[in-house]
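Spelled out, the chains give:
There are 2 protein chains.
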Amino acid sequence: MSLTPSNGKPTLAAIARLTGVSTPTVSKVVNGREDVAAETRAKVLAALEEAGYQSPGQRRTASGTGVVDVVFDSINSNYASTVLSGILDYASEAGVEVLLSVTGGLPAARLDVGRRAQRMLDEGRAGMIVVTSSLTDAHLASFRRRRIPVVVIDPLNPPPADVISVGATNWSGGRAAAEHLLDLGHRRIAYLGGPESAECNQARLHGYMSALMSRGVQVLPDLVIHGKFRTEHGVEGLTKLLSLPEQERPSAIFAGNDAIAVGVLREARRRGIRVPEDLSLVGFDGTALAEDSVPALTSVTQPLHDMGRAALRTVLRQSRGEQIDSHRVELATQLVVRESTAPRPGIRAGG
Amino acid sequence: MSLTPSNGKPTLAAIARLTGVSTPTVSKVVNGREDVAAETRAKVLAALEEAGYQSPGQRRTASGTGVVDVVFDSINSNYASTVLSGILDYASEAGVEVLLSVTGGLPAARLDVGRRAQRMLDEGRAGMIVVTSSLTDAHLASFRRRRIPVVVIDPLNPPPADVISVGATNWSGGRAAAEHLLDLGHRRIAYLGGPESAECNQARLHGYMSALMSRGVQVLPDLVIHGKFRTEHGVEGLTKLLSLPEQERPSAIFAGNDAIAVGVLREARRRGIRVPEDLSLVGFDGTALAEDSVPALTSVTQPLHDMGRAALRTVLRQSRGEQIDSHRVELATQLVVRESTAPRPGIRAGG
DNA sequence: TGAACTTTCGAAACAATTTCGCTACCGAAA
DNA sequence: TTTCGGTAGCGAAATTGTTTCGAAAGTTCA
Numbered sequence: 001m002s003l004t005p006s007n008g009k010p011t012l013a014a015i016a017r018l019t020g021v022s023t024p025t026v027s028k029v030v031n032g033r034e035d036v037a038a039e040t041r042a043k044v045l046a047a048l049e050e051a052g053y054q055s056p057g058q059r060r061t062a063s064g065t066g067v068v069d070v071v072f073d074s075i076n077s078n079y080a081s082t083v084l085s086g087i088l089d090y091a092s093e094a095g096v097e098v099l100l101s102v103t104g105g106l107p108a109a110r111l112d113v114g115r116r117a118q119r120m121l122d123e124g125r126a127g128m129i130v131v132t133s134s135l136t137d138a139h140l141a142s143f144r145r146r147r148i149p150v151v152v153i154d155p156l157n158p159p160p161a162d163v164i165s166v167g168a169t170n171w172s173g174g175r176a177a178a179e180h181l182l183d184l185g186h187r188r189i190a191y192l193g194g195p196e197s198a199e200c201n202q203a204r205l206h207g208y209m210s211a212l213m214s215r216g217v218q219v220l221p222d223l224v225i226h227g228k229f230r231t232e233h234g235v236e237g238l239t240k241l242l243s244l245p246e247q248e249r250p251s252a253i254f255a256g257n258d259a260i261a262v263g264v265l266r267e268a269r270r271r272g273i274r275v276p277e278d279l280s281l282v283g284f285d286g287t288a289l290a291e292d293s294v295p296a297l298t299s300v301t302q303p304l305h306d307m308g309r310a311a312l313r314t315v316l317r318q319s320r321g322e323q324i325d326s327h328r329v330e331l332a333t334q335l336v337v338r339e340s341t342a343p344r345p346g347i348r349a350g351g
Numbered sequence: 001m002s003l004t005p006s007n008g009k010p011t012l013a014a015i016a017r018l019t020g021v022s023t024p025t026v027s028k029v030v031n032g033r034e035d036v037a038a039e040t041r042a043k044v045l046a047a048l049e050e051a052g053y054q055s056p057g058q059r060r061t062a063s064g065t066g067v068v069d070v071v072f073d074s075i076n077s078n079y080a081s082t083v084l085s086g087i088l089d090y091a092s093e094a095g096v097e098v099l100l101s102v103t104g105g106l107p108a109a110r111l112d113v114g115r116r117a118q119r120m121l122d123e124g125r126a127g128m129i130v131v132t133s134s135l136t137d138a139h140l141a142s143f144r145r146r147r148i149p150v151v152v153i154d155p156l157n158p159p160p161a162d163v164i165s166v167g168a169t170n171w172s173g174g175r176a177a178a179e180h181l182l183d184l185g186h187r188r189i190a191y192l193g194g195p196e197s198a199e200c201n202q203a204r205l206h207g208y209m210s211a212l213m214s215r216g217v218q219v220l221p222d223l224v225i226h227g228k229f230r231t232e233h234g235v236e237g238l239t240k241l242l243s244l245p246e247q248e249r250p251s252a253i254f255a256g257n258d259a260i261a262v263g264v265l266r267e268a269r270r271r272g273i274r275v276p277e278d279l280s281l282v283g284f285d286g287t288a289l290a291e292d293s294v295p296a297l298t299s300v301t302q303p304l305h306d307m308g309r310a311a312l313r314t315v316l317r318q319s320r321g322e323q324i325d326s327h328r329v330e331l332a333t334q335l336v337v338r339e340s341t342a343p344r345p346g347i348r349a350g351g
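Heads up: the sequence lines are chains A and B, in that order. Residue 285 in the numbering used here sits at position 285 of the first sequence, and the numbers go up by one each step. Residue 75 in the numbering used here sits at position 75 of the second sequence, and the numbers go up by one each step.
Source of the hints: derived by calculation from the structure; they are not laboratory data. This structure is a prediction, so every number in the text was calculated from the model and none was measured. There may be inaccurate statements among the hints.
Because identical chains share one entry, a pair is satisfied inside a single copy or across any pair of copies.
[What the hints assert, rightly or not] With a straight-line Cα cutoff of 25 Å, these simulated DMTMM-like cross-link-like pairs (lysine to aspartate or glutamate) come out:
no., residue 1, residue 2
1, K228, D89
2, K228, E291
3, K240, D278
4, K43, D137
5, K28, D137
6, K228, E267
7, K228, E196
8, K240, E179
9, K28, E50
10, K228, E330
Please build the complete structure, drawing on both the sequences and the hints.
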């Protein structure tokens, strides 16, 4: 008799035995049919739970892998692809699959949060990683309500306290960049940052301001320009700075990321401004862009790869029900000096 | 008797009837088991095809949203992320999800093709896009056996005739690049290509050779160097070319892709060789790398974004059972002249 | 030649799902 | 109160698909 639940793996028949219903009824419960009384369903579900029953479909895939949703704003940047490769890296180690989507900067309209969350539950996805994208608190709450683990990397908006976020020490990075320029004798240092409201941008800005203020250098509003994290912003930003009266122009620029810095570089070349002789430039991110540009960019390196890994690790931990100590994971940034910074013109090096 | 194939929906038993084998055997074929003779399998597959059989799993998920598996070799390149963004683009239009994985250049060891194919069937995935990665014919066959649509983008090995591949007009691109250099008066033109066996590399090489030969310029084996599609290969390649006796050194280099060209650029700068004054350089791919490098690279632009879109569109068509006319989709390349090419030293421009 | 494998396949046992009809209960009409 | 149509809940049986295991045929090697 093969119906004995003491048998190796639980079968529908065994569950039926246990609960005193027929096999078809159990089958219906498993498949979510309507024609089962609530009471009966509850009883069967309890037994299924206890016996750890898995449908044949599940059996095949359960031992294999979970699926993690990853949502990017856009993947057309070194930043994005480095983070992504960190995620994929860890995914292959941990044996989970990565379901990738991009919002294209849309305010998550296409995301259709409700349906998405439902699908994730239906298909037993382990959780979700949101990169940079601006999900509203309402969206995040919708996932939290359903107990779907969510980790945010470099959130644009500060997430609610109970959503875990992964980022870098942006403040220290900003401060290190500004201090480096101050050390080189620069006093008029511009900040060509990212979106004003973005949290990471705020942190970098305040690190920069903190460095200036602690050296008694005044922060000039004209030298702080926000915009997008894109090359064009660098081009326009430099143009704007050069339209200032000559004595107010900066001798150094701290760019909010490498793409902006590359834009500055491009516009500077077009105008015949030499970097670093006439203008020092520090980027942020430390992507391949920084290494490959000419001159190679001094940049604050973010451990993007590791941030991706950390994010996925955290999601998987959550999905296993482990307690997470901290709601904010920050990995260290590091200033890497290359060729785009030099002492202020008119100042002797080492002076 | 319910075995009659004239019945409503096709069943395994009906197929078995038709082909004169047993039900279990048909089941095995459907599930891609190995213990079925090739001949028997073919017969059964034909019957399955004709009857339009669908497994219960397929039946259930067919109506839902599809998932497409995308396999990259690596995503750390402009090439990869541009193709990927094309895929994601179309995915969001078509309402399918993208499951991304990277092989990391492993010979598909981690891929575990059998299990993967099974999962794809179980979960009703629409199909698979393989980018650049070197899947063996055996792997591809394993998917074909289970009638999982597969499209390969820029395959390293020429795929079996019945696997659809998407690529660009590499031959014409190679020819256009070489002709451009010939037009500028160059006669000693090196080709710093990709992996020798890679199909796209072969096509570019032969385009280049064809251009040279049609102008009566000899193709010199010393000036053709194969390697990886990576920056380092550019550095090493230029070093090798410069180790030739002076009168044998090339005055122009056609690089197999932009990354290689950037390597050449870097090494040239280190050695004080001016591009394009001393050395003309043409890249391939037309990624952001080409635009951002200094000097901006003349490059053969591939419509990478569109290739991604086309690949996904083709997979989805296949999965809907539409007939695909061609087993090879080629999108047009275009030579974009920027700053890295100039007339051969000693030749007057326009002369 | 024959022993030891391998390959290929199907009978039979299993597992799961679907169909269909029985039963019990409910509320309205007689 | 009785009757009757409707319906929700359930399971028997039929149907569909999968797995196990051994038989038959072929292959390799001594």
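A quick look at each hint next to the structure:
no., hint, result
1, K228 - D89, "between (29 Å within a copy, 22 Å between copies)"
2, K228 - E291, "both (22 Å within a copy, 20 Å between copies)"
3, K240 - D278, "within (17 Å within a copy, 36 Å between copies)"
4, K43 - D137, "within (21 Å within a copy, 51 Å between copies)"
5, K28 - D137, "within (21 Å within a copy, 42 Å between copies)"
6, K228 - E267, "within (16 Å within a copy, 33 Å between copies)"
7, K228 - E196, "within (9 Å within a copy, 42 Å between copies)"
8, K240 - E179, "within (24 Å within a copy, 43 Å between copies)"
9, K28 - E50, "within (18 Å within a copy, 33 Å between copies)"
10, K228 - E330, "within (23 Å within a copy, 36 Å between copies)"
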